[in-house]
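Given only the sequences and the hints, what does the whole structure look like? Please build it.
2 protein chains.
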Amino acid sequence: MQADARATVGHAPLSGAAGESIAIICGGGSFPGAVADAVLRSGRRPVMFAVKGWAEPSVVDRYPHHWLSIGQVSEFFRLVRAEGCREVLLIGTIFRPPLSQIRLDWHAIRLLPRLIHLFRGGDDRLLAGLARVAEERGLRIVGVKDVALDIIVSEGVLGRHRPSPRDQADTAHALALLAALGPFDVGQAAIVADHHVLAVEAAEGTDNMLARVAELRGQGRVTTPQRVGVLVKAPKPAQDRRLDLPAIGLQTVSNAARAGLAGVAVAAGNTIIADAAEAVAAADRAGLFIVGVPEGRA
Amino acid sequence: MQADARATVGHAPLSGAAGESIAIICGGGSFPGAVADAVLRSGRRPVMFAVKGWAEPSVVDRYPHHWLSIGQVSEFFRLVRAEGCREVLLIGTIFRPPLSQIRLDWHAIRLLPRLIHLFRGGDDRLLAGLARVAEERGLRIVGVKDVALDIIVSEGVLGRHRPSPRDQADTAHALALLAALGPFDVGQAAIVADHHVLAVEAAEGTDNMLARVAELRGQGRVTTPQRVGVLVKAPKPAQDRRLDLPAIGLQTVSNAARAGLAGVAVAAGNTIIADAAEAVAAADRAGLFIVGVPEGRA
Chain A
1 MQADARATVG HAPLSGAAGE SIAIICGGGS FPGAVADAVL RSGRRPVMFA VKGWAEPSVV
61 DRYPHHWLSI GQVSEFFRLV RAEGCREVLL IGTIFRPPLS QIRLDWHAIR LLPRLIHLFR
121 GGDDRLLAGL ARVAEERGLR IVGVKDVALD IIVSEGVLGR HRPSPRDQAD TAHALALLAA
181 LGPFDVGQAA IVADHHVLAV EAAEGTDNML ARVAELRGQG RVTTPQRVGV LVKAPKPAQD
241 RRLDLPAIGL QTVSNAARAG LAGVAVAAGN TIIADAAEAV AAADRAGLFI VGVPEGRA
Chain B
299 MQADARATVG HAPLSGAAGE SIAIICGGGS FPGAVADAVL RSGRRPVMFA VKGWAEPSVV
359 DRYPHHWLSI GQVSEFFRLV RAEGCREVLL IGTIFRPPLS QIRLDWHAIR LLPRLIHLFR
419 GGDDRLLAGL ARVAEERGLR IVGVKDVALD IIVSEGVLGR HRPSPRDQAD TAHALALLAA
479 LGPFDVGQAA IVADHHVLAV EAAEGTDNML ARVAELRGQG RVTTPQRVGV LVKAPKPAQD
539 RRLDLPAIGL QTVSNAARAG LAGVAVAAGN TIIADAAEAV AAADRAGLFI VGVPEGRA
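Respectively, the protein sequence lines represent chains A and B. So the first sequence is residues 1 to 298, counted in our numbering. So the second sequence is residues 299 to 596, counted in our numbering.
Derived by calculation from the structure, the hints in this document are not laboratory data. A couple of the hints might just be wrong.
Stated by the list, open to error - Each pair of labels, with its calculated beta carbon distance range:
#	chain 1	residue 1	chain 2	residue 2	range
1	B	Glu433	A	Arg166	26 to 34 Å
2	A	Arg160	B	Glu513	30 to 38 Å
3	B	Asp582	A	Gln226	42 to 50 Å
As the list claims (entries may be wrong) - Chain A stretches covered by chain B per the calculated footprint, using a threshold of three residues with CB under 8 Å from any CB of chain B:
#	segment
4	176-182
5	214-224
Claimed, not checked - Selected chain B positions facing chain A (in silico; Cβ < 7 Å):
#	residue
6	Val498
7	Ala501
8	Glu502
No residue lacks a Cβ here, since even glycine has one placed at the ideal position from N, Cα and C.
So this is what it looks like as structure tokens:
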């Protein structure tokens, strides 16, 4: 368990040895489960550190797990060592907790001046700062690409349907828009239909954004024909890619279909797909494409 | 009525002579009424050209008016001449009609290749193109600033409350974000709270965006304290400012209060305020500031 062997699969360095435990700090949604399954497939042991108020019991309960409140920093470090984890991965939906709900232990109190500073920035800054805190304690922060490469979307079309030239142009427009938003630490997603920007994601998240477009369409306020428009997701240019990759899954595809879109385009090599088989099957049935595109293409 | 006299008030050229009729093409919302009232105060006669499906009868009915469908281009030009209007102003919420609902007359059919081309761009391109069509027919397209300067927000604080240094920093952040979005012909508004971008407006409009932030707060997904955060509105950099100025009013203030914001900052000299007295009184009661800021300040 303490062996230091490193294996390499394709171009991706596999961190940790077979059987070694990896700590997964779990935010909301189904993505923590998808990562844990991929970790299991790679022959390692996931230990879920479920954050109260964020993580979903139904996702976390299937694996070895501990529930923690935000602010229980000492307890987290104690449990991580007890479980024999040297690597930590953060995955799932997070949002800033109201300060009144944070219970701070002595470790957190010592970190407080730094945490307050971090809270004032965007998500990128908050996550990068928390990563530095863990690294100072001798832990290694790893990304999904390091431990679960088989749930990363690669370049090319998944499934039966392909983007049209119009879809490709909409994708390029959205990628350029997301790149322009980079300095502002804002959303990882936008929806463009026939060169018209329908939605830009910020605090609401991708599913809410898709629901909004479906609703605007229902109200007659978005009038592009059905099966026109692309949901595009890409990491922020300045983002620490170990910490916050964009993600899609079955729900993304269902919501994109309800929003009347033609398909979903994501940054190849830097986007997680959960429940890939189900998501692709749903896209095939609904007539949507899913495609991994080079990020630089804008 | 056909006199060609021009008057000047401050730096703003007043177009048209006293008593002359001005054609107001009305989209949705209350802003067409605010403009018509300002036109009346300036001693001219507003004639409302209410677009079916966009304009609200309760707003339009108080003035001389005609209802027209999109596509009734010949009829519009005939009525404008019959009413003695040489100037045309476009105001109110518009959205792209589904092509199936457009009834085209012969004039519109002749313009069809151009209109189809215009429909494929963003709103800016659509509006600029329609303006050129009107100008080719001998009409002059005017903006709100030309005929109703008293509903344009000028620089400085309206009402009792003032932005804090934090609010000013949030405003600068949002203005920089809106400037970066300029090339993409997307929203005129964003919400930033304590340096964190909560929402970016696209097809949904400002009221929907504010409602979303209120809802995310209710769900605990936006956790900045009450009375932190600023709604910022500014015209797109490339926008034809005769055609599509950002606008605020009583509803904007009420929705900003419900979203828990500290206030509303708008581009001075390039933002319409409707029902200014009521909007400022509501802001005073709710503890919100309203401020006109120089656009360049970012």
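Tested hints:
no. : hint                            : verdict
1   : B/Glu433 - A/Arg166: 26 to 34 Å : holds, 31 Å
2   : A/Arg160 - B/Glu513: 30 to 38 Å : holds, 36 Å
3   : B/Asp582 - A/Gln226: 42 to 50 Å : holds, 47 Å
4   : 176-182                         : holds (count 4)
5   : 214-224                         : holds (count 6)
6   : Val498                          : holds, 4 Å
7   : Ala501                          : holds, 5 Å
8   : Glu502                          : holds, 6 Å
Checked against the numbered hints given earlier, the structure satisfies every one of them.
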